[in-house]
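J.: If you follow the hints, you should be able to join the two separate chains into one complex; please do so.
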Amino acid sequence: MSDSNKFSRNRFILQAGLVVAGLSLWAVYALFARNGTAYSPGPNVVPGRVVSGLSRPASVASCIDCHEEQCTQLRAAPHMRTLSRGGDPENIRRFAGKSYRDEKRGWDYRYVVRNGELFVESNVLPRAVRVDWILGSGNQSRTPVTLWNDAAGKTVLLEHAVSWYPKRGLGATLGFGNADSGTRGINALGKVLPHAESVQCLSCHATRVPTDRDGIVDFSKLITNVRCERCHQGTQRHLDTIVDGTLTMQRWSEFSPRQSIDRCGECHRRADQFTADELTPANKRIVRFPPVGLSLSKCFLGQSSIGTKRLDCTTCHNPHQKAETEHRGYNRVCLTCHSGKSGGRESEQPFCSLRPQPTRSSDCVRCHMPKTDFAGRLKFTDHWIRKRRR
Amino acid sequence: GCVAFYLIYPAAVVSGLMIFKLSIAAIVGWLLFRVSGKRHPWLSLAVIVAGLSAAGDVLDASPACFDVLGVIAVWLLGRRWCAQGDRRGFAAIVAVFAIWGNLAVGFLFGLIGLSVVLFAGGRGKYDDRENGSALPSVRAHALLFFFASAACLLNPRGPLAYWDSMRLLFPHWTVDSTFLDGTAWSLLSQREWDASLIAFWGISATLVICFLVRKTAFSRIVGFFLVQMAAWNSAANLPLASLWMTLLLLEQMREWPKWPSESTVLGGRRFQRAGCITCGVAVCVVLLATFCGRLPGHNQRIGWGLDPQLDLQVFAESLTAADKLKGTASCDGVRAAGMLSWAAPSGIRAYDIPQRALLGGRFEDETILGRELTRGWQTPYQREDGSWGGWWTVLKRRKTRLIIVSGANTKRIRALEPTVWKPIALLTPVIPYAFSGDSSMIPAIKKSLKQRRFVNAHDWKFTPQEPAGSAVHADFWGMISGVPRVEDDLRLARTLRAMNLHTAALRVLLPLLKQRRTDSLRREFSRCQREIADWERTTAGRASRFRELAAADEDILKSVPSRNQTVSRSSPFAAKKSTAEKSKAEKSRASLGDAVAAYRRGETQRAAAALQSNADPESLYALASLSLETGDAARAIELYGRIVREHQRHSLAILSENILVRLQQILP
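For the protein sequence lines, the chains are A and B, in the order given.
When we follow the numbering used here, the leftmost residue of the first sequence carries the number 1, and every step to the right adds one.
When we follow the numbering used here, the leftmost residue of the second sequence carries the number 1, and every step to the right adds one.
By construction, these hints were calculated from the structure, which means they are not laboratory data.
There may be inaccurate statements among the hints.
To be verified - Listed next, the in silico DSS-like pairs over lysine-lysine satisfying Cα-Cα at most 25 Å (straight line):
# : chain 1 : residue 1 : chain 2 : residue 2
1 : A       : Lys-371   : A       : Lys-298
2 : B       : Lys-584   : A       : Lys-191
3 : B       : Lys-396   : A       : Lys-298
To be verified - Partial selection, computed: residues in chain A whose CB lies under 10 Å from chain B:
# : residue
4 : Glu-121
5 : Leu-125
6 : Trp-148
7 : Gln-250
8 : Arg-332
Since the structure is predicted, the reported quantities are computational estimates derived from the model, not experimental observations.
Every residue gets a Cβ at the ideal spot worked out from N, C-alpha and C, and that includes glycine.
Isolated chain B (complex conformation) (with noise of 0.2 Å):
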């Protein structure tokens, strides 16, 4: 099913898989546009546009394009072969699933739709004859279903090929509920609200609305059914039924009187002006939202080039080092088993993915592992069942020598830390894990030490992405509009994160605040600063001030007095009362207050100069712990250090060693 990606990426690399993914947009539109018939031209675009969203994911150069493909294949040439009845037609459907059946696997959900196509077809729903030729009888019906059928055989894995297709497009039916949760071929009522999904319902409940106000079909309402089914089986299957209810509704469209003359209702020029008006702003949005990356579930933006999720320059890098491995690597998906096999060292392969897992009845073994992986159960122990949990035994029995994790994968990442699988590259996409007591490894795991130290305590400075995006990704939007795209440095941030390395993740997000405030920004601050006040809870008994301040919410940071607020909120009466000493402490409070307000907005500088003239353990601490995050390790030093001299019994004087001794083991 990959033929397309192995034609095209060696003759044109890049640019020929996007230009082939927009050729594959292009021709499904035009396809579904002659579907329609041309009687609603503008409202025809708009329910197509709601088509391409939902079917949106799988148009590039996959499997599943053919699965796209041999969908629209089988509906325009079910229909033809049903008002024509000619041996051409027969045998371009059999050719049609003869191909079908030996790049991709969703064939049965073709054959599926053959037959309501054919069951139409047989009632005389098709017969568009001009020539006065007979039409197709139910005998050739059945032969043709027959041969197609027999057509999907015609693969390496012959009559297997259906078990395999309904094991991928039915998975419930033969894995348990539960350990396809939150996979891609989870119920659709677990599904996520994304664009696809919001288009899916939009045309489903549309079609609902066509069948009760008008005349439909008895066939019609049974395959939307049938393709409803799939799609609430799983959710993988959203794009193929999509496009299938695209396809019914344009049907459906086609046998709609033609606005104006023959609309009683709402009739007039007025109606059909205010109609294509609508569907055009529809349609307008739409485009618009997907090229600036703000359609629900979908942030990639209109641009050129590779995901920068899929960069293989770096994680390739890291994977010199494993060129003399020999065994099995352990991927938590799609993604990071393809980098590896392209990047891979020839020894190591992907020890499964989770397609192949569900075709190969593992998909539960596979499933248990990941999820004791995710939840750091390393320990062997028995189950009920007799079988054996504990990712440790499994990994070893597997002779696995790496571990292959997304960087959006926090929580495996998180789990992973504490263990001796330690990663081998920080600043990828993909983070490649190695076994600490593999002696090949050592430099590597080494190197790769020596750079967290680097990222976390040095002076490591982060440069974010620019708008027009990066070496192997052109971002048109950010070219356009001058906004640069943010998702790819949050990510590395939450992966720096869970690595534990919070001051790293707070370099780079405090640039990136500076250029805009989102909220997915500003909650992964917010979650940053909370777990630094955590650890500092945890080891001095309270957190800092700095800290609990940056971590608070925005309601609680409003209630902190400001340095210009300081006068006018004490009374004549308390001004008498207070002793030099105690507006100093004010002072120094309200200070404070301006400085973590200032972080929040990732001006640094600001923030640091609103607390210079201060001397109090609470300002030095957080002007300390601003240095450390700006990339100024030695100010740091000098700050922690004079905490530790100036309070030595204050609790910060207790995080200020900790930190002291932790920065010098990594400095001079």
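This is chain A alone, in the form it adopts within the complex (with noise of 0.2 Å):
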């Protein structure tokens, strides 16, 4: 072979092996330049910005070795009763056999069992609908919801018209049953939320919705109930790190009031979910919805200004328990700044108008949050700590 051929082919080789490289890096590039995470946004289901993976939650079986007192304490608590199963047995012994009828419109709902799960009949359409899950503790209400597919595939909720309530059983639920007339139908049985919402719904009532991206939620994996991982983020990182004694956690504690009642208002709603003229007192809404009350509180929009005393809805309520309904304990919050006594400290705040000093029989919390009844099946403590037009 003569040089100049040697020469061609070695630069036929040379250049070849350069595309071919060139090629290979290409393809390397492309396969691996995702470097983040899939990001899909919903609670629960959210990696954030900058956590890779989604983590996965610690169960409170594990949170018990160290923190068994929360977690005895929680296991109690309405937080774990939020979301069940409709053929759960506390459900059937609350809706089966038991009927409701709208007067107004002559509509008959009755709850039946069928093969252990709880079914509503209703005269309203034409075939028995299954309750699939019941959303609420029970303490103010239980709601039943079904679920199914909508034409795009993607997971929505049926929010029932009746709703169980503790003194008086079975009655309309919140938002149905004020008009005069209406068709039979779906829309007879409750009202269809789309998906967002319907994720929505669930995501306050459970520790994970996990949903794809085609808006399926996976029920085999749903987490319910509010357990430790829906307010404290993070559980499963908290357990990997005991090894090693750093135990990274999200700390309650480091929140600042506003931070602190903006996590319990991810689900009781915060203040900024309203417009400026939905945030008066003419607005009865509000009760229901504790944080917003809180935070357009006096004592809350204060509290930088007397010092170390802090106030959030920690300050009143362990949400590992059921809220106390005795006023006494809250009583002794208020008095912690307003004890009346004067000295010049930043702290202490004048007791009341119209009693110069604390009795034993004082009680804030009739006159300054007293109970209000919203839409004449509920009653809600009023948040909102003000003084009121007699």
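T.: Structure, rendered in structure tokens:
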């Protein structure tokens, strides 16, 4: 072979090598350029912007080893009864065999059990509808919901028109039963919520609602009720770091009062979800949402000026327990600032305009945070702490 | 960078912009032809057409057009400098970069290109001296590169201009790839196939073959890979990269032997003629496909005027209600932001556009907000990194008073439907949404609600676009062929369906189906039917036979007996056994099948005629639905009422009740 031929062959090999190497580089680049994690917005399924990969939530069983007191309390708390199966014995006891009649429109709703599952039969729809889940702990109410996939395949929810109430049994769900007329069909059975609203609804009653990109909720991986991870994010990381002793954890105590009530407000509503003209005493809807009322209170807004004392939801309520109905404990919290003593210290606020000094029978809550009727069916404590007109 | 637009538009309006676009395309084509050296004119022409197809999207009065001109100028001037090394060449290159740095952000691409050209020039690649002058030294090359780089700093952004250019050309280096998915800056591997991508692949593949079969300068291969990396990194770089590939290929072709004299492989005039014919045919096919809007991913046809999707008239009218608003607007893209800025009330400004967000480091926030708006994540929730999600609070913090959504963004329109943000215009290519708690916007929202009811329930009849185009856009291909362009009307139908105005969407689709039966129209019609059938199933427990058939695939529909088939299908044995009632029911089913077949072709009158003589609930319901969809609301009310009265226990009575209540709330 002549030198020139040899040179040509080597040159060809070099060029071919370069092209192949370049193509390989592209292939590698194209395959591995996705350096982030798939982002899918929505509560409980969001990895956030800096955390890579979905962290698995720790179970209450794992937490109990170190936090026995809180976990034991939580197991009995309403937060652990926010979402239950329709066929749950507690729900069967409350609903099965019972019926409700909407007198205005002549609609009947009867609850029956078939193969261990709860169904509702009605004269508004030709077929019985299964109750898949029940929302609510039963402290205020329990509302049945039915789930299915819409035309686009996304999970949607039917909020039933009839709920169970502790004092009166079955009754119209809030928002239903006011109209004098209506049509038969699914709208008479309840309200069909769009996909996003359906998942948002579930996500406040559950710790995790795994939803894929097509909008289908994986109920086999759903973690019911408000467990540790729902409020203390990153519990699995916390467990993983036990070995090295760092115990990485999002600490509630490090939150500012605003951040703290906003976290509760994620489900119990935040003030910034309302417009300015909605945040008035005339709006009776606010009583349903304690963090909103609290955030409007002078006590909350003025706390930065009274030293180290702090007011947020957890000042009065232990979220691991059912809220106390006795006022004594709450009054004591009021008195930590409103001692009525003078002495020039910042934290000492006047006691009361009506009574100059606190007595044993002083009940701040009765006047400043009264129980308020809501929609004729429910009673809520108004958390907008203020002087009211008599 | 919008200097061209601001100079041309006031002087010559849309025609000026069109002339500019054509001129730029002609200049780029001519410059490319010059590079080809006219050695293989037909082949060169084919390559140039492919290059222009790939880069055509940016050849208009926008900053990106200066990037295209900059790339060609750097290539030509760089080669000239390498060959001649004169001061004028030096000054011209520096001037190009100084201007480029002020008009567009792609100059970093130009600097990469220049370095490749200088590298080749340094190796004597472009030595075409005639007067014996000295070639520029390596030092001169370095000096030129230094001054060109410095010239890019001569703009108001100074050194930050480099950062801007880097962010836009290589966004994956600064933004997580997952946030760029589905945007203009996504990886090339994620871009959907269209004419630009096919052209890019064609040119690249040809170049690779050239590199393999012919001697090629090392600098060209390096240049090829650098540009390919830029294209693969971001699909937005595709026009510039394609142009560079075209220049490389044309230069490579200059070195090919001239056919047929030097060709020995297939040799002869026949080969030359066959090659010319093939190239000529390819060019003609591509041009024809461009003219009639058949290039993959490009449905614009040859015409004159404003893109119908930029028609401002109705949009601007709807915004007069927002004159007194003060705050920001959330826009879903450049078009929405541009139209808002053009027609906008003075107190409202677009909060961000994707490009500005990318430059300002806000791209992730903007993308998250966009995705949350599209997926309906309104309620605040805390993410694992401590940041807050949910669009409501973000819009509140930004003092957002308007949300502007492109009509094609049906997912976002659907997600906004159940919220307190309501559209203040319907039949516009870009839809403005106002907050229903905004007292100043209530009249506009009420007006739009009335319009919604009108198009969905009253006797609104849709007139499809004329083949010749509209007032703002002349469609030359439509004039010649008499075939109207359906894309804009189809987009309107999709928008109406996303707003849950299914009857209105069908009112748009039915006349279109009668004119043309394209796949996209048929698909949209089926989707619409499926959604209505789903509503029926949800509301009453089962869908009507009419909807089920209308939503079914063609194969299923073929299995439904037609009226002509009924007699032949019945066996003598069955005929003996069948009662009068049975044959009546069979006849009804058959006529329903005929009606649906005609309905799917848009022949509503024929469909109605097929059902006239039937009195069963399925036929009555079908007839009522047809009446409503053809704009005869009074007849529809009468028929729905008849179903409720005569077939009280039938599930279709539940549906009829629901529709009646809705209609009676709207109609007097």
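J.: Among all the numbered hints in the text so far, which are the ones the structure does not match?
T.: 2, 4, 8
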